[in-house]
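Visitor: As a plain string of letters, each chain reads:
Protein chains: 2
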Amino acid sequence: MPYYFCYKIALYLIRHIYKMKNSLIAHINKFVKLDEQETELVCESVNLVTVKKKQFILKADEVCRANYFVSKGCMRLYFINGNGQEQIMQFGIENWWITDYWSWGTGQPSNYYLQAIEDAELISINKKTYEELLLEVPKVERYFRIILQKVHAATMRRIEYSRDQSDEERYRQFVALFPGFVQRIPQYMLASYLGFTPQFLSKIRGKRESGAKSQESRKK
Amino acid sequence: MPYYFCYKIALYLIRHIYKMKNSLIAHINKFVKLDEQETELVCESVNLVTVKKKQFILKADEVCRANYFVSKGCMRLYFINGNGQEQIMQFGIENWWITDYWSWGTGQPSNYYLQAIEDAELISINKKTYEELLLEVPKVERYFRIILQKVHAATMRRIEYSRDQSDEERYRQFVALFPGFVQRIPQYMLASYLGFTPQFLSKIRGKRESGAKSQESRKK
Chain A
249 MPYYFCYKIA
259 LYLIRHIYKM
269 KNSLIAHINK
279 FVKLDEQETE
289 LVCESVNLVT
299 VKKKQFILKA
309 DEVCRANYFV
319 SKGCMRLYFI
329 NGNGQEQIMQ
339 FGIENWWITD
349 YWSWGTGQPS
359 NYYLQAIEDA
369 ELISINKKTY
379 EELLLEVPKV
389 ERYFRIILQK
399 VHAATMRRIE
409 YSRDQSDEER
419 YRQFVALFPG
429 FVQRIPQYML
439 ASYLGFTPQF
449 LSKIRGKRES
459 GAKSQESRKK
Chain D
249 MPYYFCYKIA
259 LYLIRHIYKM
269 KNSLIAHINK
279 FVKLDEQETE
289 LVCESVNLVT
299 VKKKQFILKA
309 DEVCRANYFV
319 SKGCMRLYFI
329 NGNGQEQIMQ
339 FGIENWWITD
349 YWSWGTGQPS
359 NYYLQAIEDA
369 ELISINKKTY
379 EELLLEVPKV
389 ERYFRIILQK
399 VHAATMRRIE
409 YSRDQSDEER
419 YRQFVALFPG
429 FVQRIPQYML
439 ASYLGFTPQF
449 LSKIRGKRES
459 GAKSQESRKK
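Protein chains in written order, with the numbering used here: chain A, 249 to 468; chain D, 249 to 468.
Calculated from the structure, these hints are not laboratory results.
One should not assume that every hint holds.
Copies of the same chain look alike in the list, so a pair counts if it fits in one copy or across any two.
[Said to hold, decoys possible] Capping the alpha-carbon separation at 20 Å, the derived lysine to any residue pairs in SDA-like fashion look like this: (1) K376 with F279; (2) K278 with W345; (3) K398 with N359; (4) K376 with E366; (5) K302 with E286; (6) K398 with P357; (7) K387 with T377; (8) K269 with L381; (9) K387 with L282.
Please construct the entire structure, taking both the sequences and the accompanying hints into account.
Guide: What follows is the structure in structure tokens.
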């Protein structure tokens, strides 16, 4: 009888691991088509990491050793500025890669903290394995080139918007682009990411809600 | 006798083209090692573009069709903000790639202007040829993946500095990192890139020069 339970638990774990790794394989296959052997090589090269809400997987002054694909949950990458305030550089939700590319690339200690905002399931790949995998499977090299090209284009647009839009315009655009995501994160984190104070964000949200209410009462 | 001159001119042009393309090949070979056939394929895929100071190779509302490697000279990528002011997003000097990755990737019209600050020699590759070359020569795919990873890491640091450093700190860091480059560009362009007014930059420079003079007089 205990054998039966062990068997069931093992089967559950295998299915869970398969499901997690499958989210990465599905994402890669959106850009390149891996064959069976290549899929196997990718699965052998990555590790699964489960993190609880508020848990850190990187802290400032540590060297960032891995790149993380978010299979489930939400992560944030931030640093502490000269005034002791948290400054969020990036969020990572399902199907996004998140890491400190600078520390990962140079092997120098990071300025950043990488922390779970929600319980999360991550697929990690360390630097050495990543370099080996990319040489062994050129399609994965291609996948990362495409992803990095898109991420760089988006980061340049982020700088452009910060130069061209008011804080309020930037907030409204973010909400329009990621409506579901805004519901998942605390207000002060969104303010930090967009580069303004939580008080300013409350003011904008207040204006928006009172606007919606007055529209409703007009309809009645 | 005219044949001799034609021969000399053709030889000069071939040598010039070879020298220009050679700067790109040398840059690629810093990251991957191309063999003779791969080198030939790269050289066949690119075009040479010579631009005069102030000449545009991209204007807002046009689709950005190519990525440009700067072989000689200096380029700038900028947009006009809501107040009608130029906002410089990127400079491109020798051995740097410059393009609007967003327009280039999506085929949508660009918001940007790409203009020569000095007479420049560029090596361009258009989107279709780039995609074909990367499939044909995986080492070039690898080269662009490495370049994009470095560029993305640098762009993230740029956002970090803009959140953490004062305007003066940002200026001093830029001068320390690129001392020669600061001499090559007009003051108002550097101010636009760093996100502050030319007046503010004059003030910082004035402070710096008067500091240097008082140090000199103390030595005397």
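Visitor: Give a verdict on every hint.
Guide: These are the hints, each one checked on the structure:
With identical chains, the CA atoms of K376 and F279 are at most 20 Å apart between copies only, with a shortest distance of 16 Å across copies and 23 Å within one. Taking the shortest Cα distances, K278 and W345 sit within 20 Å of each other inside one copy (15 Å), while across copies they are farther apart (27 Å). Only between protomers do K398 and N359 lie at most 20 Å apart by alpha-carbon distance; the minimum there is 17 Å, versus 24 Å within a single protomer. Taking the shortest alpha-carbon separations for K376 and E366, neither the intra-copy value of 29 Å nor the inter-copy value of 41 Å comes in at or below 20 Å.
In this assembly of identical chains, the alpha carbons of K302 and E286 never lie at most 20 Å apart, being 35 Å within a copy and 49 Å across copies at closest. Only between protomers do K398 and P357 lie at most 20 Å apart by alpha-carbon distance; the minimum there is 16 Å, versus 26 Å within a single protomer. With identical chains, the CA atoms of K387 and T377 are at most 20 Å apart both within one copy (15 Å) and between copies (18 Å). Taking identical chains as interchangeable, the C-alpha atoms of K269 and L381 lie at most 20 Å apart only when both belong to the same chain, with a minimum of 16 Å there against 31 Å between chains.
For the homomeric pair K387 and L282, the shortest alpha-carbon distances inside one copy (7 Å) and between copies (19 Å) are both at most 20 Å.
In summary, the structure is inconsistent with hints 4 and 5 from the numbered list given earlier, while agreeing with the others.
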